[in-house]
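Participant: The task is simple: from the sequences and hints, build the whole structure.
Protein chains in written order, with our numbering: chain A, 1 to 315; chain B, 1 to 256; chain C, 1 to 341.
If a hint is listed, it holds; no wrong ones were tucked in.
Part of the chain C face toward chain A, derived, beta carbon under 8 Å:
id, residue
1, A163
2, L321
3, S336
Simulated from the structure, these hints should not be mistaken for lab results. From the three backbone atoms N, C-alpha and C, an ideal C-beta is built for every residue, glycine too.
Residues per chain are reported as follows:
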Amino acid sequence: MYPRLTLLCLPVVLLALVVSGVLLGSLDLQTALEAGPGILTDLRLSRVLVAVLAGAGLGLAGAMIQGVVRNPLASPDVIGVTTGAGAAATALLLVFPDIAFSWMIPSAISGALLTMALMLWLIRHQGLNPARLVLTGVALSAWLAAITDWLLVSHPFQVNAALVWLTGSLWGRGWDHVAVLLPWFLILVPLTLVMALKLDLLALGDETAEGLGADVRNTRKWALLLSVALAAVSVAVCGAVSFVGLISPHLARLLVGGTHRRLLPATAMIGAVLVLLADILARTLAPPVELPAGVLTSLIGAPYFLFLLTRYRGW
Amino acid sequence: MAYLSIENLTVSYGEKVILKELNLQITEGKITALIGPNGCGKSTLLKTVARILTPKQGKVLLQGEDLHKQDTRRVARQLALLPQAPVTPDGVTIRDLVGYGRAPWGSRWGRLSDDDRQIVQQSLEQVGLEELAELPATDLSGGQRQRAWIAMILAQKTDLVLLDEPTTWLDIAHQIELLKLMRELNQEGKTIVVVLHDLNQACRYCDELVVLKQGALQRQGSPEQVLTQQLVQSVFELDAQIHPDPVAGTPTLVAV
Amino acid sequence: MATQVSLSGIPSVRQRVVLPVCLLVLLAAGVILASIGASTFTLTLSDFWQAISGQASTLAAQLVSTIRLPRVMVAAVAGAALAMAGALMQGITRNPLASPALFGINAGAACLLVMAQSGFLPILTSLPLIVVTAIGAALSGALVLMLGGGLAGRIHPVRVVLAGVAVTALLVALTRTLLILDEQSQSVLDWLSGSLTDIGWKQWHQLWPWVLIAAVLSWLLAQKMNLLALGEEMASGLGVSPVRLRLQVSCLVIILAAATVAITGPIAFVGLLVPHLARRFTGADHRILLPVCAVMGATLMVWADYISRLLVFPSETPIGLVTALIGAPCFLWLASQEVKH
Chain A
1 MYPRLTLLCL
11 PVVLLALVVS
21 GVLLGSLDLQ
31 TALEAGPGIL
41 TDLRLSRVLV
51 AVLAGAGLGL
61 AGAMIQGVVR
71 NPLASPDVIG
81 VTTGAGAAAT
91 ALLLVFPDIA
101 FSWMIPSAIS
111 GALLTMALML
121 WLIRHQGLNP
131 ARLVLTGVAL
141 SAWLAAITDW
151 LLVSHPFQVN
161 AALVWLTGSL
171 WGRGWDHVAV
181 LLPWFLILVP
191 LTLVMALKLD
201 LLALGDETAE
211 GLGADVRNTR
221 KWALLLSVAL
231 AAVSVAVCGA
241 VSFVGLISPH
251 LARLLVGGTH
261 RRLLPATAMI
271 GAVLVLLADI
281 LARTLAPPVE
291 LPAGVLTSLI
301 GAPYFLFLLT
311 RYRGW
Chain B
1 MAYLSIENLT
11 VSYGEKVILK
21 ELNLQITEGK
31 ITALIGPNGC
41 GKSTLLKTVA
51 RILTPKQGKV
61 LLQGEDLHKQ
71 DTRRVARQLA
81 LLPQAPVTPD
91 GVTIRDLVGY
101 GRAPWGSRWG
111 RLSDDDRQIV
121 QQSLEQVGLE
131 ELAELPATDL
141 SGGQRQRAWI
151 AMILAQKTDL
161 VLLDEPTTWL
171 DIAHQIELLK
181 LMRELNQEGK
191 TIVVVLHDLN
201 QACRYCDELV
211 VLKQGALQRQ
221 GSPEQVLTQQ
231 LVQSVFELDA
241 QIHPDPVAGT
251 PTLVAV
Chain C
1 MATQVSLSGI
11 PSVRQRVVLP
21 VCLLVLLAAG
31 VILASIGAST
41 FTLTLSDFWQ
51 AISGQASTLA
61 AQLVSTIRLP
71 RVMVAAVAGA
81 ALAMAGALMQ
91 GITRNPLASP
101 ALFGINAGAA
111 CLLVMAQSGF
121 LPILTSLPLI
131 VVTAIGAALS
141 GALVLMLGGG
151 LAGRIHPVRV
161 VLAGVAVTAL
171 LVALTRTLLI
181 LDEQSQSVLD
191 WLSGSLTDIG
201 WKQWHQLWPW
211 VLIAAVLSWL
221 LAQKMNLLAL
231 GEEMASGLGV
241 SPVRLRLQVS
251 CLVIILAAAT
261 VAITGPIAFV
271 GLLVPHLARR
281 FTGADHRILL
291 PVCAVMGATL
301 MVWADYISRL
311 LVFPSETPIG
321 LVTALIGAPC
331 FLWLASQEVK
341 H
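Facilitator: If you want it as structure tokens, here you go:
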């Protein structure tokens, strides 16, 4: 394992994908160029950037949650946070169909925070037992998903836009979205990286962490808040692209080890790579039909979750 | 002024009072063993000193300063704790793990300076793990893992070290190895407070015994003063004889 | 960890009489309400009587007899089938969370059905629907149990559920992909959560024989399941082969789930909740439990159907959403109850 080398290679892979994301598409390059620079920069480049940001956000959120609850099965989607963000954003979208996109983010964040609060209340007697946490999360997501679906059904005229968005798709994302997303990321991502050492200490158990001078309760609170916010921001722009938050930290841990100082940046990049890859495949697999990127990440992510499950020994 | 002074300490879990108005002084430079029957509050006392638990009433003073009123990083530079069941994280090498001992001193980002690295290396050498340093911590055996944790505490460079039942889960050879290591640390000037279950080991390897029963101090003093037939009878409700240890001459308990 | 179904709560004689009467009254009220309520037409009780006595003379009565009645009856039978399937699964796995939806069986059946209908696998297209869904149900059920650790009660109950959730996520993603590629994305929502739109007498005739057969057979196995509840060794000692019984019951579960999914699509939570609810009233004797589950499941679904049309009247909510909206909080409660043991 060469953590530093890997950490240097990841940006290269990401860059290569960004370039191919811009070049590949239903129009071949020649035609696209002749049609003017608009297709490449306005349509594809912006969309690729949204994918990178959202993927990085989901990956980081997953790494933080796994660090806080010391649970390899946890991730924002498994514990219901993304569904909560989705439900709140859908509600906003359906009640005010013409609302500016920038409002989606605060609404998604508040939905996610509410879900998290509900979740913490539900497990207040159980501590953070990994399996229970996931079970409760599953039930909570099922309920929130039902609410979201019901919202959609009860507003049949706005369904199409919301449906595309919900399944996790990057269709029609552009510079407007990048502009709204970027400030959030510029605030949240550095805050996340600052937590790296504290998360390392937290991984040693509450008592050891406290013994080494980490404030366990505060660390936990802030890390959860940040992770919920990152997940919500990502969901607000590309919908529930499932399983990215779950698998990116695991892949990153395999590549660069468990020290968060390296793990967090690596997770962000792997998350970006995954979402970008899923989006490129979604656009190019069966043109002109476009698959939701979320479906593709599920197809990869669910088997990986099953693999983790068969290896997990903490019952 | 005592080095570590516990004044009028009351600790409870919810309604249940574990320690009641406890007063205790720990001497600098000695190994003090906390002993007593299960549920007597010895682990609770250790955790309160390590500010994992907050007292309901009373204070813990380290060199005259209240531990529970200080910044937690500052406390971590003065005392180190090895809990009973620390969690070994995935994908972290032993060197990384020991490096975490520098957390209270180093940058908040976790990057180690050259001095830090040197301290980590010394700590690894002291516990004899320098050759395994690049292995994942999860690959270690029980005895090695416990030594890795000790190395982490060494890297923390504190004067006071708290060990909560460090010999649990170890076989007898590794238990003795660990207790000897504890003696070495003490000879380098560290004050050690340790919770032990085995009274004979406590007498053999510690300078002072503190006996607790139902959250109250029963006796404190050297093993010879403390470990008597009457005490074993009254605290553990066990009939026993006390004989000198054939090797070290310290008191040894033999059940009747 | 409580993997065993609670055997406490032996019902008194009075409960035995009162409960079925109450249930039947509720069922009847539900059937009537769902048949004539929540309609843009003004339907009356007399239309309902005309419809069920087979003399639908008015337009309204014809509407009830050709559109509403088959729909309500399919809902009732589907509810009974799912509830019985859940009770059977909980009986043989001794896992209180066992149910067709959580163990991925519904999703497997639905996925293969979509494969068959979209012509993705030509072999499937030529087979009868119920065979296709049964294959899907069996495959995904087996996969979940395997990943969850095996058929017997030794496995960790939560682990199986998580395996079920992941397999479901995978199958739903596959189904979605197929529907989108087949350019049926309009019906995605209806399809994946279970719906009773476009149900007529044809579907009713496809559904009831299977459910009836499976119900009778499972009732014949009820006493053996009671013995299995005493533990495998005890059951073997009393002359019941646990392996054979589990196989037989699994087949029945697959028939029940497959028949239902083929007609209504996957409907969640009925199979999970009804057996728990029923057990509170009847105790764990499967001879009583199974029929009570059937009636309760039917009642729940009929009412859910009524609510599904009332909720956003005049448009219609897929019934699977209604059961999920009611069911998920109950599931949370169940999961937290299980922790306390």
